[in-house]
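Participant: The lines below spell out each chain.
Protein chains: 4
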Amino acid sequence: MTQSYDPQGARRVLDELARQGRDPDKVLAQLANFAVETPSWGYADTGTRFGKFHQPAAARTIYDKIDDAAQVHRLTGICPSVAVHVLWDFPEGFDPKVVDYAARAGVRIGGINTNTFQAGCYKYGSFGNRDPKIREQAVQHCLDSIAIGTQAGSTILSLWFADGTNYPGQDDIRARKQRFTECLRRIHAALPPEMTMLIEYKPFEPAFYHTDIADWGMALLLARAAGPQARVLVDTGHHYVAQNIEQIVAWLIDERMLGGFHFNDRRYADDDLTMGSIDPYQAFRIFHEIVNGTERNPLPIAYMVDQSHNLKPKIEAMIQTVSFAQEMLAKALLVDRPALRDAQARDDLVGAEEVLRQAFWTDTRPLIAAVRQRQGLEPDALAAHRASGYEDRVAKERLDKYGPPAEASYA
Amino acid sequence: MTQSYDPQGARRVLDELARQGRDPDKVLAQLANFAVETPSWGYADTGTRFGKFHQPAAARTIYDKIDDAAQVHRLTGICPSVAVHVLWDFPEGFDPKVVDYAARAGVRIGGINTNTFQAGCYKYGSFGNRDPKIREQAVQHCLDSIAIGTQAGSTILSLWFADGTNYPGQDDIRARKQRFTECLRRIHAALPPEMTMLIEYKPFEPAFYHTDIADWGMALLLARAAGPQARVLVDTGHHYVAQNIEQIVAWLIDERMLGGFHFNDRRYADDDLTMGSIDPYQAFRIFHEIVNGTERNPLPIAYMVDQSHNLKPKIEAMIQTVSFAQEMLAKALLVDRPALRDAQARDDLVGAEEVLRQAFWTDTRPLIAAVRQRQGLEPDALAAHRASGYEDRVAKERLDKYGPPAEASYA
Amino acid sequence: MTQSYDPQGARRVLDELARQGRDPDKVLAQLANFAVETPSWGYADTGTRFGKFHQPAAARTIYDKIDDAAQVHRLTGICPSVAVHVLWDFPEGFDPKVVDYAARAGVRIGGINTNTFQAGCYKYGSFGNRDPKIREQAVQHCLDSIAIGTQAGSTILSLWFADGTNYPGQDDIRARKQRFTECLRRIHAALPPEMTMLIEYKPFEPAFYHTDIADWGMALLLARAAGPQARVLVDTGHHYVAQNIEQIVAWLIDERMLGGFHFNDRRYADDDLTMGSIDPYQAFRIFHEIVNGTERNPLPIAYMVDQSHNLKPKIEAMIQTVSFAQEMLAKALLVDRPALRDAQARDDLVGAEEVLRQAFWTDTRPLIAAVRQRQGLEPDALAAHRASGYEDRVAKERLDKYGPPAEASYA
Amino acid sequence: MTQSYDPQGARRVLDELARQGRDPDKVLAQLANFAVETPSWGYADTGTRFGKFHQPAAARTIYDKIDDAAQVHRLTGICPSVAVHVLWDFPEGFDPKVVDYAARAGVRIGGINTNTFQAGCYKYGSFGNRDPKIREQAVQHCLDSIAIGTQAGSTILSLWFADGTNYPGQDDIRARKQRFTECLRRIHAALPPEMTMLIEYKPFEPAFYHTDIADWGMALLLARAAGPQARVLVDTGHHYVAQNIEQIVAWLIDERMLGGFHFNDRRYADDDLTMGSIDPYQAFRIFHEIVNGTERNPLPIAYMVDQSHNLKPKIEAMIQTVSFAQEMLAKALLVDRPALRDAQARDDLVGAEEVLRQAFWTDTRPLIAAVRQRQGLEPDALAAHRASGYEDRVAKERLDKYGPPAEASYA
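Chains as they are written, first to last, in numbering that gives the first Met the number 0: chain F, 0 to 410; chain A, 0 to 410; chain S, 0 to 410; chain B, 0 to 410.
Just chain F, with the same shape it has in the complex (with noise of 0.2 Å):
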């Protein structure tokens, strides 16, 4: 690879902060406490419907997702917590194990998923389905759910729900709102007060003709009735196409909704890619809208990753979605604000435009590199994870001690 930090950049970018007349170690300190938790299905094998290529380095077990989460928080830095899916990673229940496990790793255990979607029992819903017996089932995961994330120690109870019809006339739209809303009320009652309730949104799949939670606005409302610890969470990858994502977020923080994201890229649906290889100028500008809106107002927002996909190594793919976030950070911290509402305040387009290109166009590696540096790591994370030989090493392990994958078929 020939990426190669310039050993000048980050001089140049702190000295850029101090034209403004700002603190250049307030910015640095912002970037190291920046954290990002990645999640422990992206270091497992995903695929598409059409099959899962597998990869031998691929974790299997909630402990190889672990080693694999603390591996790239000892490269990143900014990676100290692992999102967890109830289902796969504590098939039987709360197990303190795994907890210890974490810990004696370098990370710990971060937002509880839940999975109402997998079961067969879903077929036709969860929380909508028309049938109360199924509806109670997954309650009970929820609240399950929470219990493991109480005894972990986890924050963030984090909601996507499958739920849909695939055909006009299939069940009944307001039905399944009214549904919704009763079981989130539910669960949002069984929040231990330090505990925030997630709610993420997605137009379609595994849905095709109505989604329960298709867009920001119905995740709020349902947030809303659930109750006070609900927010919203924004999958960067969950809209419609041209839908501009930074401005729901701008209008999600200023309603004191916006409760984390999950981060991702996409070009034509949910295609679950690395941050910012198809649209990084939009990445930047969801940052922007963030530094803005809660720079004099601090909001908690849980920075997550949620990508799976299946032709890229999973923990190079976790090293450059985390890498990218971190420096488009760093580029919205470098937007001169004041320069920008001068500019704003004369109805100069090109002028404000040019203030964020300005930072947008400014490498700002060597300065994530100098960050790194200061934390005691190698300033490339990737590179430094190639050299490792972590990939060879477990996947040989892996191989060794699980055999090959089963294989599925489409049809």
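Think of the hints as simulated: they come from the structure by calculation, not from any bench.
Be careful, since some hints might not be right.
Pairs of lysine-lysine, BS3-like flavour, derived with a Cα cap of 27 Å [what the hints assert, rightly or not]:
1) B/LYS122 with A/LYS395
2) F/LYS132 with S/LYS395
3) A/LYS400 with A/LYS96
Dock chains A, S and B against the given chain F, drawing on the hints supplied.
Facilitator: The following block gives chains A, S and B in isolation, referenced to the frame of chain F:
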């Protein structure tokens, strides 16, 4: 034109209603009482940014527009009111002559539409403008519109804002949201008690980076912030491609926030085509949700047309849209709801869908013809219009009176 | 189910044909001779990347699939052939027992579909793969498929390639195009003279950055480069949102390059829903272009279903799609083409559109029922299927025979 | 404006080129010789269908437009020619005074654009019109344009057709295709040998049901049918959302059918925003494909701007687009192609992508500044323009000379 109504067709539909154990007279009454407002600007020449293709019969003055709207009402029986645009139709403020003229023509003034987008001062926005003087001017225009509407006996204030930005950085998204909130509250405070304020949303055009009220969620939040007489207006052409409009309608009904519709159709952007010309099944599903959501819990909904296209003759296009809406309402009323609920209760997807399709594929044009005949109208409004010679007559009159229209150039 | 066919309905449609001066028997014959191939994989369990919801009656073996396809043909009379996927249906190469079994069941083997996407070796592509060994393997699979098809009496080789890249830079787009050209030429050279090679296009999934054959233009160029027996296959679900599919069909007909269809419907991506479940008017317009483009200049077109959804019972879903296709063809045949041409010649937009709508709104289900009765079939195929008890019977048999299906996990 | 160029930046980029073993002078020459044509209509007031917001400095006559284009060329050094629209710029036919004026201003007349969309006679199309008289008129306009272009020394005939239909049934799609083919052949026959005819495609607007030349495949087939001097013109804003433009560019290059570009950006429809203002990474990838596809096999490509937006000052917007294009070309030239090919050859997705990103994130603005300085220009064209006082001066002059512009109304 080959369209000929089958004389037995209405009888078959009424028999189907009887088979469902329903009162055919009640359905006929619902269809006869259905009212769709037509827009004054839909009778005038409009076009695209590439130019207007003028029609000799296009209306030039508010009096022409009233004449045309009255012709549509005479033929369809369900268009008793005309939406007006204050800027174009009451340029000098309220004019009682217009109200009298409408009454004599057989129609009345309906929704009052404000215009805070055409004047040069609104280049950077109206309610979202950073300049308090421009915001004041826009608010004053809305207050004037309320006064005009009150004098004209209107109960609908219809607000569409073209506000937005064209480039990242142009203005602060949250600041604009807050300015909107404040201005909307001010005009809400001036509403007479019987007037409803409708807030329209639209993803883009004429703003191309961000639009201040881009989706139903934004419109709903602003309407709730504005006050209890504010509702959301759904323009069927103002959505992201693939977005499920009927779900939005169902949610707005459930939230008691649906205030009205602008009917039209589109394929790509806000194409303002005649309703159902591209996707008639979607229009049916919207009516299905309306009937489903309001049959037991009525909600006042203002049905209005907003189409303004330049190729079809204006009145013919209006008759098509209005007739189509009535036909779709008839189909929605034909849905065998007990059978639908029964299929849904058995998770019988195919059965439930077939209930909807049974209604959709039933040809309701004969039923609409029967409704018209009971109202003393010709069964085929389009044929009756063509037979009337109206188009040729007013084309000649208007050309004589006003001369050829001015041409405009794109660049 | 409430669907009941109006006994007078067929008569009314035939009268309308007579009114147009056309031969009703000829239209009835066209409808009876219309043949739609059903896909073997459409009877098996399929799902989304989030999981498969298993159906007890789902086919597991090629024999089950043939049984199910035969059931659909018995009920609809227009599905005499079954498309097969070599990998899943002839895993050991050609097997004459399958052909015999199909013949005894009353159907025959239709289009041969290759599979160069599921095996792990195709992770980076098949014909587009930079590795000549993988390309060789993919070519060999296609040559084997041609041989199997020849032995099975098939005249269609149906090619869909999942090839593409997931990230910018992953491979060289033009080099891949050239590899495709070369491989397609090689397999074209092996075609027996009576066999047509169909090349399918698809904008995305499973590749998310670029797909090697992304649109009809690419498929057409590759088909022309491959040789004279190559044509383009239009899958109705493989287009960008808002793209005008009927125009593509019209152009491909005009270029004599339309080879066949995969019927299904979609709202967002390649949703593989039953045909017409989302946009029936578009399906009608496609048939209108087919009739319009081939009535004077016949073109062999292979009509095939490609839907594979996991919620509707497989056979019911297939009957819906096949019946819908036949109903839409009937509507397209009902278009009063002289009246249409006459309206077009006068630039009478409204008149021309009403000719199309007159046909579209005519309920052709009774006509299809009449066609079936003339073939000795039940008028309502779906009701007949439900009455037959087939679904319950095979569900029990298959569960007894194979046991419960294996579950798969997303991550 | 805060934009300040880092004086060491150019050196760093040149060092990187040297590291790759490449000749920095050659790259500098490629950047200096890059030529982007600006459009005369891009200096005039344009707007949306909702109105034009007039700018006092907007050009009114061809002479104003030449002045403005000359200002852009003086500042950027890479805009030596001006595309003209015959209808607006040569309304009376060829005028040698215009050519002389341009020469004295330091620019020349570039591509000749026809206009067969604005006049009322084109309401139902130009080359696609069913009326042979209208087609004749459109062909004659194109022949006149060729004559004017020949006299003006232009080698590009640029054809965009607004033709299409607004409603299903309005006209026969294949008949229109055939009319297009015939008309294009006629005008191709009149081309002087040195002139290239470029055919542009666009999915929609102003036609909303079907557009005769809707995509690159249609443009390519028509160009091949027209004759050997016809090529395809790619307007970067004329694609379906999510369509992969760089793939189309790569295919057109491979087919030797890419003739030129219209540069702009868009988020939703054909928004005509400044290039790179929404998706700069896509623009980079387009340049990457151009460099990749032509470095060993040169192809004449006409680079032109087509943006015409009404909020940004015209000249500033043009300088932004032109500078951006040059910066992206520089990034594309910086791609370490041997390293890229090496990563591709190892299926190293992450490594290959990082090669692209390394180039993309390199700030090439200092390099462009250096190129300008070598040409005797100011390094920052936008700052130089603002410092020049040009905008204020011509605003005053033009307002004095022409008075305020006429206002138009939407309805």
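Participant: A separate judgement is required for each hint: does it hold in the structure or not?
Facilitator: Checked hints:
Taking the CA atoms of B/LYS122 and A/LYS395, the gap is near 20 Å; set against the 27 Å cutoff, the hint holds. Taking the CA atoms of F/LYS132 and S/LYS395, the gap is about 25 Å. The hint holds against a cut of 27 Å. Among the hinted pairs, A/LYS400 with A/LYS96 is consistent with the structure: their alpha-carbon atoms are about 20 Å apart, no more than 27 Å.
The earlier numbered hints are all upheld by this structure, with none contradicted.
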